[in-house]
Every structure is written in C-alpha cells, then in structure tokens.
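Given only the sequences and the hints, what does the whole structure look like? Please build it.
Number of protein chains: 4
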Amino acid sequence: MGSTALGGAAPARAGLAPKIVRLLANHPQFRITVMTADRKAGEQFGSVFPHLITQDLPNLVAIKDADFSDVDAVFCCLPHGTTQEIIKGLPKQLKIVDLSADFRLRDINEYAEWYGHAHRAPELQEEAVYGLTEVLRDEIRNARLVANPGCYPTSIQLPLVPLIKAKLIKLSNIIIDAKSGVTGAGRGAKEANLYTEIAEGIHAYGIKGHRHVPEVEQGLSEAAESKVTISFTPNLICMKRGMQSTMFVEMAPGVTVSDLYQHLKSTYEGEEFVKLLNGSNVPHTRHVVGSNYCFMNVFEDRIPGRAIIISVIDNLVKGASGQAVQNLNLMMGLPENMGLQYQPLFP
Amino acid sequence: MGSTALGGAAPARAGLAPKIVRLLANHPQFRITVMTADRKAGEQFGSVFPHLITQDLPNLVAIKDADFSDVDAVFCCLPHGTTQEIIKGLPKQLKIVDLSADFRLRDINEYAEWYGHAHRAPELQEEAVYGLTEVLRDEIRNARLVANPGCYPTSIQLPLVPLIKAKLIKLSNIIIDAKSGVTGAGRGAKEANLYTEIAEGIHAYGIKGHRHVPEVEQGLSEAAESKVTISFTPNLICMKRGMQSTMFVEMAPGVTVSDLYQHLKSTYEGEEFVKLLNGSNVPHTRHVVGSNYCFMNVFEDRIPGRAIIISVIDNLVKGASGQAVQNLNLMMGLPENMGLQYQPLFP
Amino acid sequence: MGSTALGGAAPARAGLAPKIVRLLANHPQFRITVMTADRKAGEQFGSVFPHLITQDLPNLVAIKDADFSDVDAVFCCLPHGTTQEIIKGLPKQLKIVDLSADFRLRDINEYAEWYGHAHRAPELQEEAVYGLTEVLRDEIRNARLVANPGCYPTSIQLPLVPLIKAKLIKLSNIIIDAKSGVTGAGRGAKEANLYTEIAEGIHAYGIKGHRHVPEVEQGLSEAAESKVTISFTPNLICMKRGMQSTMFVEMAPGVTVSDLYQHLKSTYEGEEFVKLLNGSNVPHTRHVVGSNYCFMNVFEDRIPGRAIIISVIDNLVKGASGQAVQNLNLMMGLPENMGLQYQPLFP
Amino acid sequence: MGSTALGGAAPARAGLAPKIVRLLANHPQFRITVMTADRKAGEQFGSVFPHLITQDLPNLVAIKDADFSDVDAVFCCLPHGTTQEIIKGLPKQLKIVDLSADFRLRDINEYAEWYGHAHRAPELQEEAVYGLTEVLRDEIRNARLVANPGCYPTSIQLPLVPLIKAKLIKLSNIIIDAKSGVTGAGRGAKEANLYTEIAEGIHAYGIKGHRHVPEVEQGLSEAAESKVTISFTPNLICMKRGMQSTMFVEMAPGVTVSDLYQHLKSTYEGEEFVKLLNGSNVPHTRHVVGSNYCFMNVFEDRIPGRAIIISVIDNLVKGASGQAVQNLNLMMGLPENMGLQYQPLFP
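Residue numbers (numbering that gives the first Met the number 0), protein chains in the order written: chain A, 0 to 346; chain B, 0 to 346; chain C, 0 to 346; chain D, 0 to 346.
In case anyone wonders, no lab produced these hints; they're calculated from the structure.
Please note that a few of the clues may not be correct.
Remember, identical chains collapse to one label, so a pair may be satisfied in a single copy or spanning two.
DSSO-like, lysine-lysine: derived pairs with alpha carbons at most 30 Å apart [as the list claims (entries may be wrong)]:
hint, residue 1, residue 2
1, 91, 39
2, 264, 164
3, 189, 274
4, 39, 274
5, 39, 264
6, 164, 207
Below, the structure written as structure tokens:
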C-alpha cells in the first residue's frame, strides 16, 4: 500500500529530500515512485546525493512532467513561497505533507509580514493542519494537507504547550535560548556556512527576527488562549545535526518544578518519540541524533519561582523529515512509528 | 526465532555492545534476552548508554549469573584475552560471533607474539571461522564460532584479496596509509582520546606495530598463497566514525587500472554492502557512516605501473557490529541483510 | 627585568601552565626561571607538552626543591585547595597571580560551602585582590596577591558590572545562558571529555550548582550594593576554546537598549582588550580565540523592557592566562598589554 | 624601517591577507600603509574580517588607486593568473613576496600546461626566486621577487630535498599521502567546503592532478639533478588548519633509517622553524597550528629497505603567510624570525 512522490529533491544538497529517502528506505509500506527536481531533471538521485547511491530510485523529473497517477501521497520539500502554487496544482486526491513554512501560519497577514509577500493559496491555508504530531494527532489523522512544523517550534512547543494549557507557567517572560546544528541554518553554498566559518565556534543569529518566532507564538498563544510574546535567541553551533532549546520560565503561583515534571510525565507517558528523562538527567543532543526522539527534562532555577526546561531533537528528523513520515503514517492509517525505528547514532 | 545474548556490554562506554543493540532494535528476528556486564551487573543498559533509554532491555547481569537456556546466539564484545576463557565456558549449542581479536589469527604463535600471552583456547581457534562475510560466506554459514574481523582488515582485504587472488597486483611494496575515526582507536578514558587532544588535527600512530597488521597479512598471504609483508601506517582523524584505507600498489606486468576496476566490479556486482563507485568518484567516509556499506574505487597513479585503491567503511558498522549481525544472519539461515538496512546518516 | 616562576605545570596536559608559557614566549620582560611540578619533577616541559618543545625552559622541579632567590613573580596554576597552603609557604616578596579559585571569594564561609572545606589561608584571602583587570585596575596595580577570575565570571561581569553600577538594569531576573568550549570544563582524562562524547553535540551541565555562580554573584552584588541572585545555565559545546555568555536582563524603568550601548561604549572606549561591536554585529567566539579580547554587544528583545547582552572571550586567554599576564604586567609596572598582542587565530 | 603594502586582501574571506595582517600586528619593523582590494575598495578591513577589528589599518583601495610612494615591500595575495600582470605594473624598487602560484614553476611551458594559459610575465619568472627559506636562504636574501611556495610543497620538500641531495633515498617510487585542513582546499563559497560536507569525514581529492605536483617534482628533480616523478594523493580532513605529509620512500642501498635521521638532524640543527622530533615521537598537526614551525620525523617501515617520513606544518603559516614574512625579513636584512614567534595554539 502507499506509494509516495517526493518533490523538490535536488535544489539543495543539504535539503530535506535525502533525509526522507533515508527513512523511506526502511519503510515497509511506502515506495517512492516519483521524484521531482526541476533543475536536476533527468539526473539520478544517487549522483546528487552519493550516500544514497545504493538505493533503487526513479530518475528525477521536472514537476510539470511528473505522473501522479500511481501516487497516493507527496512529501513537498520546496522552498517557501513556491510551494503554495505547486500544491495548488496537484491532484486533489493526494495526501500532502509540506515541509516548508508555507502553511504553518494560520494568519495570512502574519505570513505576509514575515515572508514578504501575500499568501498565494489562502484557501489551502484554511484546510492545512499543523503537524505537531503528539499535540494534534486527531486532526492530522483526518487531514489531507499537513504543514510540517519547523525544528525550533517542535522542540519548544512539545514541552511548553502542555504546561501552558495546564496554566502551570506564566505567559510573561518566557525566555528561550536555542542552539542548532548547521543543517538547520540553511542549505545554500553561503560563505557563512563554510567549514572554516563554523567549526570550533558559536554565535547567535537572527536575534529578535527569526522566522520561527511567529510559529512558536501562534502555538503558545493557542494553548494559552491569549497572545504570548517570547524572547527567542537562536545560536548556530559547530555541529551538523542536533537542536537544544533551553526555556527559562516563571511558574504560576504555588506551582513547583515537581508539578511541571509530573504534568509532562503524564502528558507523554505513552508516547514513543517524546521522552521525559529520569531524575536530573540532562538531555544531550548527541543522544537523539539520527532518531525521531525528543528528550526533555525540567530543572529548578536559582531564582525562586523560576524553572529551566531543556529539550533536544535531531532538527532533521523529529524537526523535519521524521515528523513528516510520522504524520503521513497517521494520515494513511498506518502505525505511527512505521519506518521510524532508526535508533540514535551515537557516538 | 532467535534470541541473542550480548556479552561485555558495559566495560566501556564507547564499546561495541551499544552499536549491536542499535542494530538489533530494528531486527525482525532477533530479540535480546540476556546482557552481561560484570562491573555494571544490576544496572540498566539505558543508564549506562542514555541514547538507548527508549529500548526495553533486560538488566545487566554478571556473566556467571547469566541464564543461557533461552538463548540461541551470542555476540561477544569483551576485550581480547578474557574472551578465550569465557567462550570456552559457554554452552556448546550457542552460535557465537566474537568481536574481539581473540580468534582472528590462525597461528597461535603469532597471536602470542602480538598479544603478549599464550592463546588460552587453541582448540576453539581451530574451529573459528574468520568473518569477512563477502569473502568467506560459505564457511561462515556453517560456523558455530565466527571471529569478526577488525576494522582496518575489513577495509583493506575487501579490495585487495580479490585482486591478489587474480594475480593482478604484485605482492611486494603494498603500501597502506589508513585513516580512522576515534571510535576505532580505543575506548577507555585516556588522555590521548580527549576532545582537546583530538579535535582539529591528525597524527599517525602505531607505525609498524599496529595489531591489525598480522590479521591483514594473514588474509593477503592466504589469497596469495605466499607470505605478504605490508607497509601499514594508521592515522587518527578528528572524527568519531569512519575509516578510509588508501592502498598504493604495483600492478602485475601488463595489467591496467581498468583491469583492476573490472575485476572488482565483477567480484562485487551482486553484493548489497560492497559498492564499487562509478567513474572517478572518490569514496568519502561520510557517505557510509551509520551504514554497513563499504564503498571503494581504483585510480591511476602518476608513477606508471602503479594504482591507488581507496575504500571507506564505518569502522563501527561494517568494521564491527554491522558485519557481526551480517554474519549471525548467515549462521542462523536468515537473509544476510536483515536488520542492516540503516542508510548512511549524512550530513 | 622580571623573572617568573610557574607553579603546578604538569598535573594536567590541558592545564593552564602551557598557555602562560605560550604567552611568555613573546614577552619582552619576563623570563621563566623556575617551573614546578611535583609528579613530573625532573622532566622537561616539552616532553609533557610537545607543542612547546621549541622553547628553552628550565626542567620541572618539585615545589619543595624550587629556588625562588632569582624570582620576582609567580603564576600559580594549581588545583583549588592545595593552592592556599602553597602560597602561604612562598617568600613574602614574591608577586603572585593565582589562577585557581582559592582566593576569589571574599567570604570564606561561602568558599567553604561551595568547595567543601574550610579555607586554609584566611589571612591571605583578606589581602588578595580580585583580578578583573578593567574593573579593578588600580587595586591590582598595588596588589601582591591577585586572584585571577574564572572564565564565566570574566565574560559576565565585564558587561554587567558597569550596567549595574549605573543602575541601568534591574537586579531581579538576570538570566544567563553561557556556552563554553571543552578546555573550560575540566582537564582530567574523564570519560565525559572524550572526543566521542563531546564532538558534534551540546549539553547543559551544572545547572544551578556551577562553582562560578558565587563568584559572579559576589561581583554583581558589590556593583549593586545589594544581594543579587542569578539564573545561570552553562553548556558544554563541541569546541576546544571559546566562551559565549548570553545575558537576558530587564532594563530599569525608562532605560533603552541604546542607553545600555552608550554606557558600555563610554566605559570601555579606551580599553585595548574589551570591545563593543558596532551596530548589530554579533560577537562570535571564533573571532577572539587565541587572543586576550572580549567582544560584546547589546540587542533589543522582543519582550518590551528587556535586553539581550552577548559577550565572547577565549576562556583560556582573557578567561585565564591572558588576564593573568595582564595583571602581572600591572603589578610589575609594565605596559598592561605587554606580551599580549597575539591576534585571534581565525579561521 | 619598512612599510608594506598588502594586495588582494578581500576577494576571499578565507584568503591569505588576514593571516599576514595577524603576523604583522606583532612585527616590530613592518607597518601596513596600503591595502588593496578592488571589489571591496572603500571598506574597512575589519568589517570584512571581524576578528581583526581591533587593528588600526588603512582602508581598502582599488589597486589602480594605490599610492606606493611610501611603500618598501609588497605581499601579493591575489589568485594565480591575475598576479602576473599586476606585479608587472608595480614600481621596480619594491620588494615583492608573491603568495600565488604564478612564479613558482621555472618552466613556463609547465605553467601553461597546469594552469591553462600562457605565462603573462616570463621575464619576471626568470627573476623570481623560489621562497623555500631553509633551502634557498642566500638566493632569497638577494631577491627582489620571491615566489612563496605552496603548502604541500613546503611540507614535502623540507624533508625530501636534503635526503635526495645526499643520495640517501631512491628517486623511484616516492609515494606521498598528504592530508590538509580545509583552509588549504580553496576559499570560495563552494558547496564542497560547507561545514555539512566537511565535518566528521575525510576524502581524497585531486588524485594524480593536484597543481602542487609540478612544484614538488621541480624541487625534487633539482635536488636529484634528474627528473623525479612522484605519487601524490592529497586528502581533505575535517579541520581548519594543519597539514601532514606522509612520505613512503625506498632507501638507497646500504642506507638505514638512522642515516636518514642523522642527515636531517645535521641539516636542520640550527634552524628555528624546522624541528626533527626526538626518538619515535610522531609529529601531530595540532602541535604546530598557529606557528611557523615544521615538525618532522623518520620511521622504519615493515618492508625492509623502506622508510616513512612524516612532516607537519600549519598550511596557512609555514605553508603560506609565515614563510612569506620569513622571506621578507630576509630580503629586508632583518632577523629571519622577526614577528614570527607566535607559539602554537594548543589545544
């Protein structure tokens, strides 16, 4: 059952398509029948991504030449902006998981403000379901078009949404210092992403203005049922994969760190991919790299009434392609973890 | 079918046991029922290796307390020396893949010379089959005790054994410059393996005296049916996983680089895990990391009559745990690739 | 003029002594005449630290055998605890810069609480001057014993002390998320510091309980003339050198980010080693590594009334050995920057 | 005495100009009075290279607008090809150290073959002296135009030229496996040099066809007084700086490894920057990074009659800017080590 098309494979070597190919290589129910890439049309996927030369894959075709007649579902890995038009043009019976930012923001004015152009498919925006699997599982199961979350938003919302819903933390002064590997910072051959510019160092970027801010604030505001404004400082770390979000929060009056811990524990008790660590164990990014897991924990702060929450994910798996496969599994009525049992690659 | 015991898990955090656990997590036919670790007896595996806390595993037991009644096969991940005694004491019906060096050298005098003590189980040594899967598949299928090859020997013998057997290269002046990630260099908390000593640098080590030399020379000599002496210089690279062996060889009279290429192509044509790259594509370690693949290619040298052969593996997978699972699959009559479809984790 | 002794060189390969040797190699006025190291007595420094084999240095001697008759000043690089006794035993005419934590905390009860034993030289503690050069220059100039600051405290106090003194930021809710290279995390051959445990990852450590907390709070409280409690979360980054401190602060009523910027600008205008970056330039750790510089800048937060301050240093230079040489220059009446003009090594 | 101009600073962020600025920052006799950069004319050097913002430097000017009236010497850091024309146009009284490949090959036909265009300044080529300082010191002292050697050629010729001159090694079958950090592999924003493509891996490149081959063969052939053809395989390592060359050689009849060692020892006994290590100590790249040192040593091979020679340098210092300053010191009658006492930055 289930064959999939994968769009926009080749525009970027560090793109998301090869990560999905990697996951689908072990998926017992999905088979890749169409792969599109306008600029690389006619080429073999393995010549663009040599680590996947062992895979037997269809040649890349231009999107206009793609034959969707034998396709049930599509992963769309195109840059934001272009995605809206392309999805509009796809056959209506296809299930779609879109990995771009195009359908994540419910408010198309907010989209226009952060992305610099009017939304090109507002009617699809209304239909789209936000794909934070553990939080919106039922909606995703019935969706035709899922907007797969960004990596920072995934790592931040998984711990904060339940705590906010339960009114355990205050909405003011939520301060987030997040750290990402370079694969999350973009994909083009930019000077700023050269080995010589990245190795053995750290720097903050996009202070105040990172495009994941409205996505996080949308999720937290919905949980709070009132507008939440966050402080968000992302940092680029000299590592390929991995993301850590450190969240400094004020607890509601009378609430303790133990209350936060217990609430997260009961929220995620039966989840396969979200794990609250035991005791005071600190989540390490390297313990989830290569897997679809999110590890998290809660710590007391020296300042009374405050708590520190740390979550880690692989930004390319739970923060992108892994969650995408998890969502499509749900949409196709398959076990949610199918094809996703890759264990972390450590060391 | 098939449950396995895993011995010697915990003596070293960078040890091989967690890599086998990672592979078996996705193996449809093997189940881990016993895990031994004398010094960590009573502990949970996930508390020693936090990246595997999501796995439901038996608690660690001392080897003397292990119950093998429900066990079909054993992966033995103990340090050399101790392994010989322990395997002697195991029930005879168990299939065993030993990842140590204890049964790799057929000549027990050579073992004594390189490892500093007399062999403690010479009768088992006679029974042991050397587990270089693609080269000795039939023998492995019928073996009870397999000596899983070292990482350097795997990466060197896969290309050189067929070329030597076919008399395409000379036996003199085989010069090997090999490069390994740190996981191959040892596992203890040694100063030499600290991040500060390893990051952003390279150095040679064990020039002339690396313990993998007799293992390689044994394999090449058997292929040649005469004694082969190699030049072998291993280097430690600032990376965790990955191994590249560069082999500088003289071709037999009249032989061309194209002859070497064609012979390797026909030798490995049907193999799932050994791939000769197309054209002049250069094998990169990062394109196999996390997988059981060996990529190789052959290049012309500037010096007439010489060729350069480069092979790459993940030293912990094809160079250790992956080949071990591949071998046990064979020994148990299962498809050789079962549980080994992990694709490379790149980037 | 001026010969120096260097104590405690060899207990740790990643220790501070070699960093001071590196700096003194180019110092026109200091000459190393005595080097002590009890466990390595009799050895050559270059055999312990091969990157310094080109230096003509005295052999290591046990501290009890050291001849201080030709010595003017001492850098003391011993572990905390032992230092107090040893400095007590040194000739009184020696100028001393102590790089341990032993004399940093003015309150010996606080010392006892954080270090687990009663202070062994309370009378010296009273005499010691805290060596944060740009803040306490005049006191250092006249000091005999300087307690060289820790790395985190240097990177945090340089921006925060002037802002607190000028009452530009509130004393509550000072939240610090700091990131350090591995050289700052310790020096022994611990499993946690192996390349395989550190490379390609990040994790927090010592949440709430890092020993640099009381040192920072002491400095901020003195600036504020009232008790300050901070939130402090250090993270270990996969890099050798470098430290970034990100400080999330609330501004005093009516104060703007531009006020913070202008005050730091005027405070550090004439300083050689502390630089406020222009405009919205973000400090990168890699732009100061190998040098004695501290780069910093101030940014607006999305939450009104808050600001984000980022500072970067090389934890081993401005955070340790460089500031130590800077302090001894002052104590000896030399130009403060002598021997410290090493420019950053980038890339 | 001595002011310098620095040409071609800004075309590439990873370019050589900033490394020379770093060295000259501590040079007591050279002052930078002119800096050219056509595309960045009008900008400040520190805005292009933020790690050098603390330096007081002249603004960048287009080369046609440069005023050389107050200039004694020029470091030319332009890409090959363009350099020939530009140096032709410079005032004749200027001393010039050219860091490009433009004047390294004495045979302009060979230049044309490897660089794809006819040499544009053959008369200057005749005048140019090859700047391998320790080998050609007297010629450099009297030169007006010095062609600064490439990094691989420096690391290879320093050990091999004296051994060949003394007829201690055979000219056939000189096999070189060299490893370079990424700064040596190019400077542009190429996909192949991204962090995600380089980190945690190794690969060979330019097998047979690397442009440093003719430069090495020229030097070895001159030492041999007959044509030498080498086997040369460069590898790109996941590190920023550092270069290791491993040379596998056959010794002349009757020659021992000890003979090689003794000859190198006496050759480089009085040299400040070339060091033969003691005993069997292995050169590590990380022990020279940031310095102008070349460390080397000689090892016995398992194959009788063969030896293994390993040398390490910082490819950007002794392999480029450091040797350039060393050469200009000589040309200006200054102590050769002036401004070059930067010690290695380790760890």
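Okay, the hints, checked on the actual structure:
no.	hint	result
1	91 <-> 39	within (26 Å within a copy, 52 Å between copies)
2	264 <-> 164	within (15 Å within a copy, 43 Å between copies)
3	189 <-> 274	between (36 Å within a copy, 27 Å between copies)
4	39 <-> 274	between (40 Å within a copy, 24 Å between copies)
5	39 <-> 264	between (47 Å within a copy, 28 Å between copies)
6	164 <-> 207	both (25 Å within a copy, 27 Å between copies)
No hint from the list above goes unmet by this structure.
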